[in-house]
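Protein chains in written order, with this note's numbering: chain E, 189 to 383; chain Y, 189 to 383; chain Z, 189 to 383; chain W, 189 to 383.
Don't take every hint at face value.
Identical copies look the same in the list; a pair holds intra-copy or inter-copy alike.
Said to hold, decoys possible - SDA-like mimics (lysine to any residue), calculated; alpha carbons at most 25 Å apart, straight line:
hint	residue 1	residue 2
1	K335	Q311
2	K191	E222
3	K191	L291
4	K335	L213
5	K261	H287
6	K191	R323
7	K191	I262
8	K261	L343
9	K333	H268
Quick caveat, the hints were computed from the structure, so don't treat them as lab data.
Number of protein chains: 4
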Amino acid sequence: MNKGRLEAFSDGVVAILITIMVLELRVPRGADLEALRPLLPVFLTYVLSFVNLGIYWNNHHHMLHAADRINGKILWANLHLLFWLSLVPFVTGWMGENHFASLPTAVYGAVMLLAAVAYTILQKMIVAEQGPNSRLAAAVGTDAKAKLSLACYVLAIPLAFVNQWVSDGLYVFVALMWLVPDRRIESRLNQRAGV
Amino acid sequence: MNKGRLEAFSDGVVAILITIMVLELRVPRGADLEALRPLLPVFLTYVLSFVNLGIYWNNHHHMLHAADRINGKILWANLHLLFWLSLVPFVTGWMGENHFASLPTAVYGAVMLLAAVAYTILQKMIVAEQGPNSRLAAAVGTDAKAKLSLACYVLAIPLAFVNQWVSDGLYVFVALMWLVPDRRIESRLNQRAGV
Amino acid sequence: MNKGRLEAFSDGVVAILITIMVLELRVPRGADLEALRPLLPVFLTYVLSFVNLGIYWNNHHHMLHAADRINGKILWANLHLLFWLSLVPFVTGWMGENHFASLPTAVYGAVMLLAAVAYTILQKMIVAEQGPNSRLAAAVGTDAKAKLSLACYVLAIPLAFVNQWVSDGLYVFVALMWLVPDRRIESRLNQRAGV
Amino acid sequence: MNKGRLEAFSDGVVAILITIMVLELRVPRGADLEALRPLLPVFLTYVLSFVNLGIYWNNHHHMLHAADRINGKILWANLHLLFWLSLVPFVTGWMGENHFASLPTAVYGAVMLLAAVAYTILQKMIVAEQGPNSRLAAAVGTDAKAKLSLACYVLAIPLAFVNQWVSDGLYVFVALMWLVPDRRIESRLNQRAGV
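Pulled out of the complex, with its shape left as it was, chain E reads as follows (with noise of 0.2 Å):
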């Protein structure tokens, strides 16, 4: 079984969700600042959703280039990936029209935790099938920034409900931790994790 299809349709899906958020971005009647300000909000939450994807994109692209085999469970882990991720317009588009309301901020963590355990399934289902000595295996490694995203989702969740701005930073937080390619925060998260 070949890859290159697999591949193509996350691209495709994930291209998709990424254009279709901006949808959101409905354009407005009048032609001044006032008829811009109401859709800062709903620019930022796009901001935020654009960059998680991205991150999914870019760890997916990786992941898939150093897997050589794929199997008929690997295709369905991929499929479940993409059906928490096809939920992102939705809960971007809930949490930017709210304002950050505290349920849509939680519903947006919830959403981002099923997509995070969904990628961390996919990814130990691939690493199997490569076999334990594998390149992949070695690359994935403890995972510690995978961990803690994970974390920070656990914790923004009923975090949305006493002051949702923390669950909005620790989101923010998750995306930059992924966006930035900090080595020494790396590596000292790998220490801690004891490698």
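Please build the complex by placing chains Y, Z and W on the supplied structure of chain E, with the hints as guidance.
Using the frame of chain E, we list chains Y, Z and W on its own:
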């Protein structure tokens, strides 16, 4: 004639359909649980149709992977399948927004039946093109699962006007039958089919 | 310059156009047959445009398969074709929602005519790039079918203001001419064209 | 790391953006010329943005064709470009529906400027990865056309508040400069840049 572009085009259409469906999940006005509640039936039909489209993509992937040659007729048989699949977002939205009323439930079954018939036609044409001794002809076999799916859809359409929950149950049953890789069910089905 | 990305980009655009059209089939409020009835003309125009876009994809597939070289001008001629095809969802929706009124019927024909002209230009540029003795130049031949299609569209535009059903009949005739692989019609057309 | 998936993902995003824009051309209620008239400015901005996205796709195609190696930073620089391009449908719709008012015209220029800056960054990173003696470094040269485009956008933004037609004229000029392959203009520009 090479099959690469046929696969790429089909992947593109299915990727778009699977993500366009989520647009039917309209961002609600309120930010509380009350605002989410009317979306529940729409969400459930979305899950069902996501799984159904995922099954088609998966089976399409396997079938074309085993095919070595295609022809002009196969291109049109494939477009015929994509036509019925393109109506899935419409019937999904109609059934979900009308809380599984009788007529939308029956029409959902009709579109799924016509897609299944189109898939069967496509498969026959591809098998014929490969020749009787090809590995695809052997892999397809008596195809008891496909016949049972067709029978379920034929039953579900009139039953929707008696009790639509029976029809909806049949749709879920067909999806689970393809999703869960239960070897025992498959082999038992094959035994009854006289294999 | 390789043709792979040109094919992939064109496939992407046509796949999106063919599925975006279905969004014009708005999910109706009611759950009875009355609710579906106003959608009938929209559905019929959807079928017509689906077939037309399918024909373009099919012919594009065959033409580029026979081509060995492309250049910068061909990229732009291809984008020119995609521009007119991108207007198909708009004119399809306009004709369908206005129950085949005169002006929308004429504008539909105008967009189809301009797409056909753009295809002819693209074909000429591709044939020129391959050289006069290429297999593509031989395959294209006198192209009686393409000339008849152009003539039908030229006729249909003014006729829409006399009787739009004649124009709609011409659109269906052109689509069927490409869809039905009737060898006798084709050979007779070629004979009249002096082949 | 291979460039195939980067090309495919970029193609997907641009193909979707170019077709999503056409959704802003809302199907009008009436069936006469009066119903079409308010769509004229939306249609004109659609043509302008279609050409602009086509230019980006064309240049992206040529640049990556000449590149042999990519890295992780290039993936993110490419996503950065796609982010600004993803805002093109929004600013196109805003400018078109407000009949080229000052602020939307300025914002259109700002998004085009940021996309052009993102393209320049991406190009620098790709050239750096190939090494100073690569064929890409030679092909890019002094890039007078890109510098003139950036200057036009920088000028057009403040000028939109004086006379927006000057800004719109500058946008059309930049598009034509890339679209029309006028060798004389190019060579004259290169002479002034001291090549």
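Here is what the structure says about each hint:
1. Only within a single protomer do K335 and Q311 lie at most 25 Å apart by alpha-carbon distance; the minimum there is 13 Å, versus 35 Å between protomers.
2. When the C-alpha separation of K191 and E222 is checked against a cutoff of 25 Å, the pair qualifies neither within a copy, at 49 Å, nor between copies, at 43 Å.
3. Proximity of K191 and L291 under a CA criterion of 25 Å is satisfied in neither setting, with 39 Å inside one chain copy and 41 Å between copies.
4. In the homo-oligomer, the alpha carbons of K335 and L213 never lie at most 25 Å apart, since the shortest distance is 33 Å inside one protomer and 31 Å across protomers.
5. When the C-alpha separation of K261 and H287 is checked against a cutoff of 25 Å, the pair qualifies neither within a copy, at 39 Å, nor between copies, at 33 Å.
6. In this homomeric assembly, K191 and R323 come within 25 Å of each other (Cα to Cα) both inside a single copy, at 17 Å, and across copies, at 20 Å.
7. For a Cα distance limit of 25 Å, the shortest separation of K191 from I262 qualifies both inside one copy, at 10 Å, and across copies, at 23 Å.
8. Neither within a single protomer nor between protomers do K261 and L343 lie at most 25 Å apart by alpha-carbon distance, with minima of 31 Å and 31 Å respectively.
9. For the identical chains of this complex, K333 and H268 are neighbours both inside a copy (22 Å) and across copies (23 Å), given an alpha-carbon limit of 25 Å.
Hint compliance for this structure: hints 2, 3, 4, 5 and 8 are not met, and every other hint is.
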